[in-house]
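Protein chains in written order, with the numbering used here: chain W, 1 to 259; chain E, 1 to 252.
It is possible that part of the hints are untrue.
As the list claims (entries may be wrong) - Not everything, but these chain W residues come out facing chain E in the computed CB check (under 10 Å):
{"hint": "1", "residue": "F29"}
{"hint": "2", "residue": "E31"}
{"hint": "3", "residue": "E36"}
{"hint": "4", "residue": "A106"}
{"hint": "5", "residue": "K227"}
{"hint": "6", "residue": "K234"}
{"hint": "7", "residue": "F238"}
Please keep in mind that the hints were generated in silico from the structure rather than gathered at the bench. The beta carbon of each residue, even a glycine, is placed where N, CA and C say it ideally should be.
One letter stands for each residue in the lines below.
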Amino acid sequence: MVEDILVDIKKDYVLSKLREGERIDGRKFDEFRKIEIQTNVISKAEGSALVKLGNTQVIVGIKMQIGEPFPDTPDKGIIITNAELVPLASPTFEPGPPDEFSIELARVVDRGIRESEAVDLNKLCIEEGEKVWLIFIDIHALDDDGNLLDASSLAAISALLMTTVPAERFEVGDNYPLPVRNLPVSVTSLVIGDKFLVDPSKDEVSVGNTFLTITTDQDDNIVAMQKSGSYLLKEDKFFEILDVSLSKAREIREYLKNI
Amino acid sequence: MSESNEEKKDEIQLIFGDKRLDGRRFDELRNIKIEAGILKRADGSCYLEMGKNIVVAAVYGPREVHPRHLQNPSKAVIRYRYNMAPFSVEERKRPGPDRRSVEISKVSREALEAVIMKELFPRSGIDIFVEVLQADAGSRTACLNAASVALVDAGVPMKGMITSVAVAKADGVMVLDPMKEEDNYGEADIPFAFLIRGGKIESIALLQMDGRVTKDELREAFKLAKKGAMEIYKLQKEAIMKKYISESVENG
Chain W
1 MVEDILVDIK KDYVLSKLRE GERIDGRKFD EFRKIEIQTN VISKAEGSAL VKLGNTQVIV
61 GIKMQIGEPF PDTPDKGIII TNAELVPLAS PTFEPGPPDE FSIELARVVD RGIRESEAVD
121 LNKLCIEEGE KVWLIFIDIH ALDDDGNLLD ASSLAAISAL LMTTVPAERF EVGDNYPLPV
181 RNLPVSVTSL VIGDKFLVDP SKDEVSVGNT FLTITTDQDD NIVAMQKSGS YLLKEDKFFE
241 ILDVSLSKAR EIREYLKNI
Chain E
1 MSESNEEKKD EIQLIFGDKR LDGRRFDELR NIKIEAGILK RADGSCYLEM GKNIVVAAVY
61 GPREVHPRHL QNPSKAVIRY RYNMAPFSVE ERKRPGPDRR SVEISKVSRE ALEAVIMKEL
121 FPRSGIDIFV EVLQADAGSR TACLNAASVA LVDAGVPMKG MITSVAVAKA DGVMVLDPMK
181 EEDNYGEADI PFAFLIRGGK IESIALLQMD GRVTKDELRE AFKLAKKGAM EIYKLQKEAI
241 MKKYISESVE NG
């Protein structure tokens, strides 16, 4: 109940600031919080990254195994993405099987990586029709201060960039770096009426879970989109958000190239 | 966006001149058949065929919410369940919700939540169940179209009609309402749902996409989707009119 009242107060504050054309933390509408990426934080994983987006923290670990390919892609590796919103990350997360939020999170991150063909799956075949590499992308939320999605996407691609295929451990040749050939970047906007804010913080989200996520690749192609939340979006607003998402993604991609 | 074979192959030719694999033009919908009020027990229902998709939607409510703690004192709780029958696809689908169905149910529910006047029914629940009996690409759009008609049939007040259609990119061109081959072997899939009010498309209620498209291609996709949505909207309206006209004839 106390939580509900606090949310209402925050909501009024966010909205009144918004009417003045400001965000509560002083950011511009198209400004991300400070991004920090630490790589190889887990030595037991094939690749890993801890991403901080302001106070939001997400860790992604990549594990690889050998398994059977899908019958319709006998010569390609397989990507499996999962997200765990563990109770440690937020007072509202509960233990148990993944709910619709964590499923959506994992699937939207997955789409960006898959559709941009970030990982060259053709180079992950060991024996056609028999043995291919399985790449498990496991997203572990540590602190949810808003926009877990972009933090997770960033952590996932950062971790993949650091991944070494553990061929020696499985006795199938020499270790080699995971072939990563594209850098998908997701940009999530909080849509409030006729305004939108990129990279919303938890306090800003008190106005409602009304998001649009657009993932673009290094050639400015759109590779994934997800409108999330019960709200109505105008077409001209969509194209405005698209333009901002494209330019923000370019900035973040430059940052990614230097990790 | 199918679960297991999300990898695409590009061995199949999908476009032949200005025609598609099944002979349709780029901006042509599949055959659509809609019938409202086909289930006796439900408060509202709809049968819908869209190409080879066959779906049935039922609406229960507004009614009491169970379990009680889910009730909301200021508005109705909307629940939406997209469910595929085990026999609806080539290879038997294991019964029950998978990750894909959970995601589809979430975004579809949110699309309807945005147009249902839920503030009129505090503490109550409106349940929308949609069963996919046969699936052939675009089943989420077929389900939303059916759900929308079923909601009207149930007399649930809405800001307007939800009409849904997908656009795909196949062999480099944007095509309306893709069928299975275009979905599997195409380069992108973009499901849309619009709020149509007073006979006009007002806003976007659902938008997803996977694949690879440029901004210009997205503009083309919007154009195609809006054209398709207006055609589907007419059919939805006809189905509702047909039911109510026949009802009023029966009742003298």
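Any CB of chain E closer than 10 Å to the CB of K234/W? Where the cut-off is 10 Å and the nearest Cβ of chain E is about 5 Å from K234/W, the hint holds.
Against chain E, is F238/W within 10 Å by beta-carbon distance? With a minimum Cβ separation of about 6 Å from chain E (threshold 10 Å), the hint on F238/W holds.
Answer holds if the nearest beta-carbon of chain E is closer than 10 Å to that of F29/W; otherwise answer violated. violated, 20 Å
When the nearest CB of chain E is found for E36/W, is that gap smaller than 10 Å? The hint is violated - E36/W has no Cβ within 10 Å of chain E, the shortest such distance being about 29 Å.
Supplied contact hint for E31/W, tested at 10 Å Cβ to chain E: violated, 22 Å
Please check whether A106/W passes as an interface residue: C-beta within 10 Å of a C-beta belonging to chain E. holds, 8 Å
Tell me if the interface restraint on K227/W is satisfied: Cβ within less than 10 Å of some Cβ in chain E. Check passed: Cβ of K227/W comes within 4 Å of chain E, closer than 10 Å.
Against the hints set out earlier in the document, violations occur for numbers 1, 2 and 3.
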